[in-house]
Amino acid sequence: MEQKNKVLLEISPAPHIHSKDTVQSIMLDVIIALMPAVAIAVFYFGINAIRIILVSIISCVLFELLVSKLLSQKIKIKDLSAVVTGLLLALNLSATAPNWLIIIGAFVAIAIGKQIFGGIGYNIFNPALVGRVFLLIAFPVEMTSWVPPNPVINLKSFMTLKQLEPDAISYATPLAILKGKGPSALPDNIHLDAFFGNIGGCIGEISALALIIGGLYLLYKGHISLRIPLSFILTTFIITGIFWAYKPTNYADPLFHILTGGLLLGAIFMATDMVTSPSTETGMIIFGIGCGFITAIIRLFGAYPEGVSFSILIMNGLVPLIDKLTKPKRFGLQK
Amino acid sequence: MIFTFKGGIHPSENKYLTEEKKIINFPTPEKVYIPLLQHIGSPSKPTVKKGDYVKIGSIIGEPSAYISSYIHSSVSGSVIDIIKTENIFGRSIDTVIIENDKKEEIDENVLQKNTEWEKLNNDELIEIIKKAGIVGLGGATFPTFVKLSPPPDKKIDTVILNGGECEPFLTIDDRLMQEEPEKIIKGLLIIMKILQAKKGIIGIENNKKSAIKIMKNEAKKYSNIEVCVLKAKYPQGAEKQLIDAILKRQVPPNGLPMDVGVVVNNVGTAKAIADAVIDGRPLIERGVTVSGDALSNPQNLKIKIGVLISNIADFVGVDFNKFKKLILGGPMMGTAISSLEMPITKGVSGILFLSDKYSNKTEYDACIRCGRCVSVCPMHLLPNELGLLSSKRKIELIDELNIVDCIECGSCSYICPANRPLLQWIKIGKAEVREFGTKK
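As they're listed, the protein sequences go chains Z and F. 0 is the number of the first residue of the first sequence in numbering that gives the first Met the number 0; add one for each residue after it. 0 is the number of the first residue of the second sequence in numbering that gives the first Met the number 0; add one for each residue after it.
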């Protein structure tokens with residue numbers, strides 16, 4: 000009886016239970032989901048891939064720490080969002096990217112893409128893409144110098160890849176070949192190569208298989224839905240498919256467009272960024288269609304061979320409007 | 000076919016603790032504390048005074064307004080005192096303290112047994128339900144006789160019994176359906192007769208396999224009653240979501256189920272109606288799931304109204320080293336209370352003794368706009384925006400976003416990865432809109 004009266008009970012508002020997901024656990028799952036792509040990057044680009052990833056993650060975390068201090072913001076690096084930004088930025092770079100380039104990219108991504116707006120949750124544009132597009136425009140040469148994928152079969156090849164010389168580089172991504180020489184110049188088994196990653200390109204975008212495995216993991220965990228990725232991919236598929244059906248000698252087939260470039264990396268991991276995509280279900284579909292449409296238009300008619308980054312950033316800017324226009328219908332007003 | 004609604008969540012059920020346990024009678028202690036407000040509406044007026052002798056079922060409080068209720072003694076013995084106590088909402092309530100003389104004398108003058116209840120007319124039936132002090136036992140505690148007296152222009156075609164029991168931990172309705180199926184169906188028939196409804200449906204979530212089987216078996220005997228299997232999902236037991244799932248009818252904003260020709264009652268309420276009409280027993284006890292992770296002997300108990308929780312604590316083996324939180328009701332919508340000296344009232348469907356595992360984390364982060372609250376909101380609202388705007392007191396904007404539609408189920412707060420106290424903000428926002436809002 001005495002013990003009963005001594006108990007100090009806690010009072011708090013309902014609900015008294017909470018789902019296990021936190022911002023940190025979601026970010027950790029995104030990192031886990033990117034591991035297959037990281038593995039493929041290391042397999043094809045060896046120690047260089049590791050260098051790029053580490054430099055990018057470390058600089059992103061340090062810049063977030065620094066900028067948060069300068070702007071008197073709460074330090075939130077524990078939520079792992081800076082790690083995700085760093086990893087995504089790294090996966091969007093060429094294996095030839097020098098360290099200074101990565102550090103500049105990380106600074107732009109974190110400082111201008113994220114912290115200036117107030118940190119996670121307040122930014123309008125995907126930070127990693129802000130960093131990447133800045134680099135692409137400011138340093139086009141460094142951003143579009145590619146090396147052929149070179150499978151790491153032993154420790155020696157793993158280490159030798161480190162000594163990449165800029166002049167040894169004369170390799171193009173499939174999309175660049177397409178833009179420059181048309182579909183007939185593409186290698187025969189391009190689809191299969193792109194599926195497994197045996198093509199040129201950013202270190203994290205080359206293998207469709209690795210990205211799809213990661214996407215399935217995020218779907219399973221409930222962190223993304225199919226709405227954005229599927230509407231994005233399907234829209235690009237349909238538009239490029241129409242042109243291909245119309246003139247297959249001038250345009251590449253739609254499957255090629257899905258498997259190459261940053262489309263899957265973008266559709267699965269970047270366009271689905273919670274902070275910068277719509278929060279309504281209809282809005283997500285509109286957002287995905289918009290991304291797919293702009294990507295297809297840039298790829299088919301633009302000066303750049305690739306349009307995924309631009310399409311997502313443009314659609315990021317439209318998110319407040321999309322959310323406003325797609326408010327769910329009031330309960331009780333539908334028949 | 001399994002019926003459901005759009006939105007909702009699926010928290011850990013934790014029903015295994017008690018779902019196999021039969022309802023047993025909790026031995027009545029020396030004293031009971033019966034508050035004279037256990038329902039939505041006006042408090043009841045005391046009809047006894049200090050020193051009076053009362054029997055089980057004697058009226059001790061009578062309605063003070065139309066929406067109010069009779070209240071009965073749950074023991075035989077003498078009234079020791081009538082004192083003011085605070086209820087869980089901090090409101091001061093007259094509470095009748097009765098000393099149990101253990102003679103178990105029953106007051107036969109309040110209600111009669113009716114073996115042939117079909118012969119009673121509607122007014123007589125409603126009078127019995129009113130006299131028996133029956134209120135919604137699902138937790139809302141709205142006086143049942145009022146619910147069964149809709150205005151004449153509202154034609155009711157379907158009566159739904161709510162056997163959803165979507166709150167984690169709670170199993171009392173599940174047990175009741177398994178142990179008293181006949182009573183529940185009788186109650187449903189009485190309600191249907193009063194409302195002249197053609198159809199009766201019992202909605203049960205598909206995690207209650209035995210209850211579904213037993214109720215289906217019982218319902219088979221009547222051509223106008225059926226069991227509807229619902230997907231186990233919170234808040235399936237919410238009235239509007241239940242009607243939407245079963246009949247695909249949506250109650251209009253600010254409307255009531257009767258606006259779409261439906262009346263919903265909890266299965267426990269139906270059983271209480273049958274008890275009153277057929278057996279002449281007023282509402283003096285109720286089934287309660289007593290569970291949680293800070294007790295060794297979770298139970299489904301039939302407890303007399305007015306029994307203090309402190310009396311029950313020893314019976315279920317509360318571990319006072321672990322015990323940190325006491326919830327009346329379920330963990331999603333229940334109320335955390337600070338004292339064990341709180342009596343069981345008509346609205347208490349569960350008592351949870353919880354450890355610090357269920358402590359509230361007060362720290363929250365910025366909204367990461369993941370949209371989970373929007374997808375789970377069963378009322379199709381934007382909890383993310385409502386929470387933010389409520390916390391900034393943007394009354395006009397939250398009114399515009401239909402904040403008043405919120406049924407306070409808490410799914411948004413539950414799902415938020417940034418741990419934002421969305422429902423808390425929204426509740427405050429709703430109160431502000433009620434006070435200062437302009438939109439109709």
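The set of hints was computed from the structure by calculation and includes no laboratory data. This structure is a prediction, so every number in the text was calculated from the model and none was measured. The reader is advised that the hints may include incorrect statements.
Stated by the list, open to error - Within a straight-line C-alpha distance of at most 20 Å, the following computed SDA-like cross-link-like pairs (lysine to any residue) qualify:
hint	chain 1	residue 1	chain 2	residue 2
1	F	356	Z	20
2	Z	323	F	387
3	F	102	F	44
4	Z	328	F	399
5	F	208	F	0
6	Z	323	F	379
7	F	321	Z	121
8	F	198	F	149
9	F	429	Z	11
10	F	360	F	404
11	F	154	F	250
12	F	391	Z	121
13	Z	326	F	321
14	F	360	Z	20
15	F	44	F	77
16	F	182	F	277
17	Z	326	F	404
18	Z	326	F	11
19	Z	19	F	418
20	F	83	F	93
21	Z	19	F	11
22	Z	77	Z	97
23	Z	75	F	363
24	F	360	Z	12
Given the hinted pair residue 44(F) and residue 77(F), is their Cα-Cα distance within 20 Å?
Roughly 18 Å between the alpha carbons, so the hint for residue 44(F) and residue 77(F) holds.
Distance restraint between residue 326(Z) and residue 404(F), which requires alpha-carbon spacing of 20 Å or less:
15 Å, holds
Is residue 356(F) within 20 Å of residue 20(Z), Cα to Cα?
Measuring from Cα to Cα gives roughly 15 Å; hence the hint holds.
For the pair supplied as a hint, residue 321(F) and residue 121(Z), confirm whether the alpha-carbon distance does not exceed 20 Å.
With Cα atoms ~40 Å apart, residue 321(F) and residue 121(Z) exceed 20 Å; violated.
With the threshold set at 20 Å, check whether the alpha-carbon distance from residue 19(Z) to residue 418(F) stays at or below it.
10 Å, holds
Would you check the hint for residue 328(Z) and residue 399(F), treating anything up to 20 Å between C-alpha atoms as holding?
13 Å, holds
Between residue 429(F) and residue 11(Z), does the CA-CA distance stay at or below 20 Å?
19 Å, holds
Given the hinted pair residue 360(F) and residue 20(Z), is their alpha-carbon gap at most 20 Å?
Within the cut-off at roughly 13 Å; holds.
Can the restraint linking residue 77(Z) and residue 97(Z) be considered satisfied, given a maximum Cα separation of 20 Å?
28 Å, violated
Would you mind confirming whether the straight-line C-alpha gap from residue 391(F) to residue 121(Z) stays at or under 20 Å?
Since the Cα atoms of residue 391(F) and residue 121(Z) sit roughly 17 Å apart, the hinted pair holds (cutoff 20 Å).
Between the alpha carbons of residue 360(F) and residue 12(Z), is the straight-line distance 20 Å or under?
11 Å, holds
Pairwise hint evaluation, residue 149(F) against residue 198(F), where the allowed Cα distance is 20 Å at most
At roughly 17 Å apart (the allowed maximum being 20 Å), residue 149(F) and residue 198(F) satisfy the hint.
Violated hints for the displayed structure, listed by number in ascending order: 3, 7, 10, 13, 18, 22.
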